[in-house]
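As given, the protein sequences belong to chains X and V, one line each in that order.
Here the first sequence is numbered in the working numbering, starting from 8 and rising by one per residue.
Here the second sequence is numbered in the working numbering, starting from 8 and rising by one per residue.
Treat the hints with care, as some may be off.
Computed from the model, here is a short list of chain X residues facing chain V with C-beta under 8 angstroms [to be verified]:
hint : residue
1    : Ser20
2    : Ile180
3    : Asp182
4    : Gly184
5    : Ala191
6    : Gln244
7    : Arg246
8    : Leu341
9    : Tyr345
10   : Thr346
11   : Ser350
12   : Ala414
13   : Ala416
14   : Val419
15   : Ala451
A short list of chain X residues far from chain V (calculated; beta carbon distances all over 10 angstroms) [claimed, not checked]:
hint : residue
16   : Leu187
17   : Arg297
18   : Thr320
19   : Arg326
20   : Ser396
None of these hints come from the bench; they were simulated from the model.
These figures come from a predicted structure and were not determined experimentally.
Backbone N, C-alpha and C fix where the C-beta goes; we use that ideal spot for every residue, glycine too.
Protein chains: 2
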Amino acid sequence: MDLIDRLRQELGSDSVLEGEEVRQRGSGWGRPEPCGALALVRPRSTEEVSLVLRSCHEMRQPVVTHGGLTGLVGGAVAGEGELVLSLERLNRIEEVDAQGRTMTVQAGVTLQAVQEHAEAEGLLFALDLGARGSCTIGGNVATNAGGNHVIRYGMTRAQVLGLEAVLADGTVISDLGKMLKNNAGYDLKQLFIGSEGTLGVVTRIVLRLWPRPRSEATALVASASFGKVVELLAEAQRRLGSDLAAFEVMWPEFYDIVTTPPARNQRPLEHGHPIYALVEALGTSPDEDRARFEAFLGEAVEAGLVEDAAVATTPPERRALWALRDSVDQLARLGPIYTFDVSLPIATMESYVAEVRERLGREWSDPKCVVFGHLGDGNLHVIAGVGESGPAVRLRVEHAVYDPLRARAGSVSAEHGIGLEKRPWLSWSRGPDEIALMRRIKVALDPKGILNPGKVLPPE
Amino acid sequence: MDLIDRLRQELGSDSVLEGEEVRQRGSGWGRPEPCGALALVRPRSTEEVSLVLRSCHEMRQPVVTHGGLTGLVGGAVAGEGELVLSLERLNRIEEVDAQGRTMTVQAGVTLQAVQEHAEAEGLLFALDLGARGSCTIGGNVATNAGGNHVIRYGMTRAQVLGLEAVLADGTVISDLGKMLKNNAGYDLKQLFIGSEGTLGVVTRIVLRLWPRPRSEATALVASASFGKVVELLAEAQRRLGSDLAAFEVMWPEFYDIVTTPPARNQRPLEHGHPIYALVEALGTSPDEDRARFEAFLGEAVEAGLVEDAAVATTPPERRALWALRDSVDQLARLGPIYTFDVSLPIATMESYVAEVRERLGREWSDPKCVVFGHLGDGNLHVIAGVGESGPAVRLRVEHAVYDPLRARAGSVSAEHGIGLEKRPWLSWSRGPDEIALMRRIKVALDPKGILNPGKVLPPE
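Given only the sequences and the hints, what does the whole structure look like? Please build it.
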C-alpha cells in the first residue's frame with residue numbers, strides 16, 4: 008500500500024487532500040506559485056501527528072509542516088514529492104491557569120486568538136507582530152518569532168514554559184510543565200524553538216502570560232540624527248526602565264512613504280526630519296506613568312535629543328501611530344523589492360546603513376533603500392528596490408546587504424529565520440564548526456532527513 | 008607517552024597538578040572528602056582547553072570541569088581515574104561594551120567580579136546568588152543558575168548573548184555575538200547552558216548587562232496564611248509590574264532559626280506569624296518609586312494581605328533584611344540535613360508542603376522541615392532533618408520530598424541541576440522518551456562519553 012492510501016486509511020479520507028485542493032493552498036505570503044506538494048494531511052491530534060510521522064519515517068517521505076504560511080524566508084515551501092503536514096485542526100486553547108499565568112494551546116491556534124484569550128482573562132500574551140491574524144503560535148515557536156515588544160518581554164523563546172513535539176520517527180517528546188524554572192536535565196524545548204520544523208513538529212505549547220499593563224504611553228518623535236536617537240534610547244531605558252516596551256526606528260524613506268497617499272495614514276510629524284522613532288511604555292500606575300513619560304520626553308527635547316514629538320492621548324491616536332509602523336504593505340509601491348532582517352551592534356548601525364546604500368548606489372542608478380526596525384533589539388529591516396528583479400539581481404542585492412555585516416559581526420537573520428532563502432548566507436553569521444554541529448544535531452534527531460528537508464542548513 | 012606526560016609537555020609542568028596538590032582541592036561545598044582525581048590541568052586559554060580535550064578524546068580520558076565548586080548536587084565530583092579541567096586561569100574580563108550593554112568574560116571569572124565590573128561601568132549584571140564570591144560565571148552558565156532576581160531578570164540563560172564552548176573532541180564552537188536577536192540557524196548556545204559540563208566546556212561568554220536601577224525598595228512582611236502571601240504576590244505584580252525584583256517566602260521555621268541566637272541577625276518582625284516574605288522592587292524613578300511601594304504595602308495591610316511589615320529605609324537596613332534570607336548556614340544547627348530545590352505550580356504549593364511534612368512525620372518522630380524559596384518563580388527550597396543520616400535514611404527522605412511532586416507535575420530541580428545526586432530522580436520529572444532524547448544528544452556531542460561521565464543522565 009502506498010503512503011497516501013495508508014494515511015487515508017489511518018486518518019480518514021477527509022484528512023488527506025490531493026490535487027487541486029493542495030494547489031489552491033498556495034505557498035505562502037508573497038509567493039504566487041501554487042503549493043507543489045504531493046498531498047496534504049490534516050491530523051486532529053498529537054497522536055495522529057505521531058502516526059503520520061511514523062509512516063513517513065518508515066517510507067522516507069519528506070514532510071513540510073504548515074502553520075499560517077506567513078513566513079518571509081520560504082521556510083514552509085513544499086516541493087514536488089513532499090508531503091504537507093498542516094496543523095490547522097490542532098486549533099484548541101486547552102487551558103488557562105490565571106493564577107499561574109499560563110495558557111496551554113495546540114500549535115495551530117492563531118497568535119491573535121492567543122492574545123484575545125489572554126486579554127479576556129485579564130492577562131497579556133506578550134508576543135505581537137503584524138501577521139497576528141494569520142500566523143499560528145506553532146509557527147511562532149518554530150521560528151522563534153520576535154515582533155514589536157521584544158525589548159520588554161523577549162522573543163517567543165522567552166514566552167515558552169513547556170512544549171510538546173513529535174520527532175521524525177513519531178516519538179512524542181512531551182514537556183508540558185508550567186514552571187518558570189526547571190533544571191531537570193537538558194532543556195529539550197530549546198532545540199525545537201527556532202529550528203523551523205527541521206528537528207521536530209511542535210504540537211502543543213505552555214505559554215507564559217504576563218500581568219496586563221494598566222497604562223500605555225506612546226509617542227512618535229523626530230530627531231536630528233541617528234546618534235541622537237541612540238542617545239534617546241539609552242535615556243528611555245534609564246528613565247522608563249522595563250516599562251519601555253517598544254522603540255521602533257524609521258528612516259525618512261520609510262516615514263515618507265507610509266504618510267503619503269495612497270497610504271491612508273495621517274502625518275503626525277512633518278517630513279524632512281533625518282530620523283523618526285516610535286516609543287512606547289507599558290506601565291502599572293496609570294496616574295503617574297503618563298507624567299513620567301511626558302517628563303522624559305520634555306527633558307529629551309530640552310537636551311536636543313528630540314526635535315518634534317506627537318504623543319498619543321487616546322487609544323485611536325495610539326493605533327494611528329502604530330498603523331504607521333505596520334504599513335509595511337506600502338513598500339510594494341517601490342516596485343520589485345527585496346526584504347531583509349538583520350541584527351548588529353547599535354554602535355555599528357549608522358555606518359552599516361551608509362555602506363549598504365553606497366554599495367547599492369555603485370551598482371544601480373536610483374536604488375531605493377528603506378530602513379526601519381526594532382532599534383532597542385539591535386534589529387533592522389532593510390528593504391531594497393533596484394528597479395529590476397530575477398535571481399542574478401537578487402544575488403547582487405543580497406551581497407550589498409549581507410557583505411557589510413561580516414565586519415560588524417552581525418546576523419543575517421534577527422527574527423525571520425533562515426528557511427530556504429537565507430541558506431546560502433548562513434555562513435556569513437556562523438562558522439564552519441557551528442554549521443557542522445547543527446548538522447550533527449539534525450542527524451541525531453532526524454537521521455533520515457525527512458523533516459523540512461533542504462531548509463535552514465545549506466547543502467553540503 | 009601517557010596522557011599526563013603529554014599534557015605536561017604541551018602546557019608546561021606548572022599546568023598539571025598531581026598527588027597532594029590535587030587532593031587538597033577538595034570536592035566542593037559541604038563535601039569533606041578530598042578531590043579523588045588522577046590529576047588537575049589548568050589551561051590558560053581556549054586553545055589550551057581544546058588541546059587538553061583533543062588529547063583526552065583520543066585516549067578516552069574522562070574529564071570533569073571545575074569552576075568554583077559551589078554546586079549542591081555533586082555535579083563537579085571527580086572520581087578516581089578522572090581528570091579535572093580547572094578553568095581558574097581563564098579569569099579575564101575581556102571587554103565591556105557600555106553602549107551595547109554587554110560584557111565578554113572568560114569562564115573562570117567569579118560572579119562577584121562580573122557584578123562589580125558591571126557596577127563600575129554604571130550597569131547591572133542581574134544574576135545574584137549567595138555563592139557570588141566563589142562561584143564562577145562558567146559554572147553559573149553550565150548549571151543555568153537562578154538566584155534572587157529571576158522574577159525580574161530571568162535565569163542565567165536569559166543573561167547569555169553569546170557563548171564559546173569546546174566539544175569533547177576539542178572542536179571550538181565560537182558564537183560570541185552580542186546581538187539580542189539572532190535566528191541564524193539553531194541556537195547552539197542553548198545546548199551548553201544548563202547541561203552541567205556533559206556536552207561541552209564553556210570557555211567564554213558574552214553577558215547581557217542591564218541599566219542599573221536607580222531606586223530600591225525592600226520590605227519584610229508577615230501574613231496570616233500562605234494564601235494571603237500568594238494574593239500579595241499577584242497584587243505586587245499588578246501594582247509594581249516588572250519593578251518587582253524579588254519575592255522570597257519563608258515559612259516560620261526558617262524565619263525563627265535565622266533570627267534566634269547564635270544567628271546574629273536582628274528580628275525585624277516578631278515570631279509567631281504563619282508566614283513571612285521578603286519583597287523588593289528595583290525602579291528607575293527614585294522620587295516616585297518609594298511612594299508607590301509604600302502605597303502598595305499600605306493597601307495590602309488594609310486588604311488584610313499583610314499583618315505586619317518592616318520597610319528598609321537605608322542601605323544597611325536593606326542589607327539586614329537580605330541577611331535573613333542569606334543565613335542559610337544557620338540551618339546546620341538542625342543537625343544532619345538534606346537540601347532540596349523543587350519547582351511546582353504555586354496553586355499546589357501549600358498542599359505539597361503539608362504532604363511532605365505529613366510523610367516525614369509518619370516515618371520519624373520529630374522531623375525538622377524548613378521551607379523557603381523564590382515564590383515568584385514557583386521555586387521552593389526544602390530542608391529536611393530527621394536526626395539521622397546515611398544512604399538508607401537519605402533515600403527515605405528523598406521519597407518523602409520527591410514523591411509528592413509527581414501528582415503536581417513539579418520538577419526535582421528548579422535551579423540546582425541534577426549532577427550526581429538527583430540522577431535517580433530525573434525520571435520523576437522527565438519521561439522515558441525525554442531521557443532517551445537527552446542521551447541521543449549526549450552521544451551526538453560526546454560519542455566517547457568523556458565529559459563529566461555519570462552526571463545528569465541516570466545509568467542505562
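Comparing the hints with the structure gives:
About 31 angstroms separates the beta-carbon of serine 20 (chain X) from the nearest beta-carbon of chain V, more than 8 angstroms, and the hint is not met. Proximity of isoleucine 180 (chain X) to chain V holds as hinted, the smallest CB-CB distance being about 6 angstroms (cut-off 8 angstroms). The interface hint given for aspartate 182 (chain X) is met, as the beta carbon of that residue sits about 6 angstroms from the closest beta carbon of chain V, less than 8 angstroms. The restraint placing glycine 184 (chain X) at the interface with chain V holds, with a minimum CB-CB distance near 6 angstroms, inside the 8 angstroms limit.
The interface hint given for alanine 191 (chain X) is met, as the beta carbon of that residue sits about 4 angstroms from the closest beta carbon of chain V, less than 8 angstroms. Below 8 angstroms, beta-carbon pairs count as interface contacts, and glutamine 244 (chain X) has one with chain V at about 5 angstroms; its hint therefore holds. For arginine 246 (chain X), the suggested interface contact is upheld, since its CB lies about 6 angstroms from the closest CB of chain V, less than 8 angstroms. The criterion of a C-beta within 8 angstroms of any C-beta in chain V is not met by leucine 341 (chain X), whose closest approach is roughly 25 angstroms, and the hint is violated.
A least Cβ separation of about 18 angstroms between tyrosine 345 (chain X) and chain V goes past the 8 angstroms threshold, and the interface hint is therefore violated. Taken as an interface hint, threonine 346 (chain X) does not check out: its beta carbon lies about 15 angstroms from the nearest beta carbon of chain V, beyond 8 angstroms. With 8 angstroms as the threshold, the beta carbon of serine 350 (chain X) comes within range of chain V, its nearest partner Cβ sitting at about 4 angstroms, so the hint holds. Using the Cβ-Cβ criterion of 8 angstroms, the hint placing alanine 414 (chain X) at the interface with chain V is not satisfied: the shortest such distance is roughly 14 angstroms.
Hint on alanine 416 (chain X) holds. Least Cβ distance to chain V is approximately 6 angstroms, under the 8 angstroms limit. Contact between valine 419 (chain X) and chain V, as hinted, is supported at the beta carbon level, the nearest pair being about 6 angstroms apart and thus within 8 angstroms. Hint status for alanine 451 (chain X): holds, given a least beta-carbon distance of 4 angstroms to chain V, under 8 angstroms. With a least CB separation of 5 angstroms from chain V, leucine 187 (chain X) falls inside the 10 angstroms interface cut-off, contrary to its annotation.
Every C-beta of chain V lies more than 10 angstroms from that of arginine 297 (chain X), the closest at about 12 angstroms, which supports listing it as non-interface. At the 10 angstroms boundary, the C-beta of threonine 320 (chain X) stays outside the reach of chain V, the nearest C-beta of that chain being 21 angstroms off. Chain V leaves arginine 326 (chain X) outside its interface by the beta-carbon criterion, the shortest separation being 23 angstroms against a cut-off of 10 angstroms. Here serine 396 (chain X) stays apart from chain V, with its beta-carbon at least about 25 angstroms from theirs, past the 10 angstroms limit.
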